[in-house]
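> Residues per chain are reported as follows:
Number of protein chains: 2
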Amino acid sequence: MICIDKTDFQALSRVPRLNLINSCMGYKSANLIGTISKSGIPNLAVFSSITHLGSDPALLGFILRPTTVPRHTYTNILDTNYFSINAISESFIAQAHQTSANYPIDVNEFEVTGILPEWKDEIAVPFVKESPVQLLCKYVNEYEIKENGTIHVIASIEKIFVKEDLLTDDHWIQLDKGNVVAINGLDGYVKTELIERFAYARVGNPQ
Amino acid sequence: MICIDKTDFQALSRVPRLNLINSCMGYKSANLIGTISKSGIPNLAVFSSITHLGSDPALLGFILRPTTVPRHTYTNILDTNYFSINAISESFIAQAHQTSANYPIDVNEFEVTGILPEWKDEIAVPFVKESPVQLLCKYVNEYEIKENGTIHVIASIEKIFVKEDLLTDDHWIQLDKGNVVAINGLDGYVKTELIERFAYARVGNPQ
Numbered sequence: 001m002i003c004i005d006k007t008d009f010q011a012l013s014r015v016p017r018l019n020l021i022n023s024c025m026g027y028k029s030a031n032l033i034g035t036i037s038k039s040g041i042p043n044l045a046v047f048s049s050i051t052h053l054g055s056d057p058a059l060l061g062f063i064l065r066p067t068t069v070p071r072h073t074y075t076n077i078l079d080t081n082y083f084s085i086n087a088i089s090e091s092f093i094a095q096a097h098q099t100s101a102n103y104p105i106d107v108n109e110f111e112v113t114g115i116l117p118e119w120k121d122e123i124a125v126p127f128v129k130e131s132p133v134q135l136l137c138k139y140v141n142e143y144e145i146k147e148n149g150t151i152h153v154i155a156s157i158e159k160i161f162v163k164e165d166l167l168t169d170d171h172w173i174q175l176d177k178g179n180v181v182a183i184n185g186l187d188g189y190v191k192t193e194l195i196e197r198f199a200y201a202r203v204g205n206p207q
Numbered sequence: 001m002i003c004i005d006k007t008d009f010q011a012l013s014r015v016p017r018l019n020l021i022n023s024c025m026g027y028k029s030a031n032l033i034g035t036i037s038k039s040g041i042p043n044l045a046v047f048s049s050i051t052h053l054g055s056d057p058a059l060l061g062f063i064l065r066p067t068t069v070p071r072h073t074y075t076n077i078l079d080t081n082y083f084s085i086n087a088i089s090e091s092f093i094a095q096a097h098q099t100s101a102n103y104p105i106d107v108n109e110f111e112v113t114g115i116l117p118e119w120k121d122e123i124a125v126p127f128v129k130e131s132p133v134q135l136l137c138k139y140v141n142e143y144e145i146k147e148n149g150t151i152h153v154i155a156s157i158e159k160i161f162v163k164e165d166l167l168t169d170d171h172w173i174q175l176d177k178g179n180v181v182a183i184n185g186l187d188g189y190v191k192t193e194l195i196e197r198f199a200y201a202r203v204g205n206p207q
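Chains as they are written, first to last, in our numbering: chain A, 1 to 207; chain B, 1 to 207.
Zero decoy hints are in this set.
Identical copies carry no separate label here, and so any pair may be met within one copy or between two of them.
Think about it this way: if two alpha-carbon atoms lie no more than 16 Å apart in a straight line, the pair counts; the simulated EDC-like pairs of lysine to aspartate or glutamate are:
| id | residue 1 | residue 2 |
| --- | --- | --- |
| 1 | K159 | D8 |
| 2 | K191 | D176 |
| 3 | K120 | E158 |
| 4 | K159 | D5 |
| 5 | K6 | D56 |
| 6 | K138 | D5 |
| 7 | K177 | E164 |
| 8 | K163 | D5 |
| 9 | K129 | E118 |
| 10 | K6 | E158 |
| 11 | K159 | D121 |
| 12 | K146 | D56 |
None of these hints come from the bench; they were simulated from the model.
These figures come from a predicted structure and were not determined experimentally.
Produce the entire structure from the sequences given, and follow the hints as far as they go.
Below, the structure written as structure tokens:
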């Protein structure tokens, strides 16, 4: 095994350090956040930090660096309160990744990447038509992580749209049936295949 | 597509609600956190909420519900300041999942699950011998998410141990080469296979 010490990775140049630190803690969720600006311009951006916070109430969080690309997403969320989260499937990983480019605020990432939007009745924000799992979320709060100036945005889940064949009888969403991918580091996309679902772990269960 | 509204999932019984809300935002990282108590008892617990926070300084976060099983992990981290994060590979998913059972505080989860510990020179906390990516982390801070009483623990990465064949020339860790898994919901484990790594996305890149 190779040991890379803190002093070693602090001394790396920017890109290798980003690669190493972004890939060392396992896979990340792969989602596109859809928003709309006050003036009606749709926005779409890839996020790999969306994390479950609790089920009752249904809450999630994600991390924003206010000084980098997804700031349009943040501005739109603060202005309108709502956003969509759309699972990324294998068929559109290249387009999804391209949303991380630094487009001007008046650019509609759906148009420029070719990802088809879906508009739903009585909902102002756009969804990704091809996505097998789509969430409507509402901004709830935010916490500044003072150690590095990032913002932990907290949101509630208001509606869940899911393709019927992914949903099991016990309300689990089987993501590999929708070819949902995971992200390795900043730029690696992996396909997935279910190995096993386990029972609730109890003391004394056999291995 | 099926639409499940907030009123619908709030009305579900506990297990289907946990399944649905835990699986709707994509894959989670799959790691074992290793700690040691003040009295010297090793502890190991599966965590699916470990998330990248920043690369310079190298920071990560994870979510704790202080009232549920991993509280031994939390107590040990507060007492000793250090912990290990160990990527879960396909070969030990059953044992890793079993660490989520509610063992008494004097039980050593390494012994009871059969996962082999690894002790490294001058480091007090145990690692998982079979894990292809192991991190030594140090507690930095915590933020209470007041919306549901969870705790967002912030930690620094002090050392990274990685099997040589996973590390590319540009310091990216290719997780599928170590058979690292991802978690779908509470209890589903998936294997992974790299599809593609993309270049840094720039305005004007071809699709």
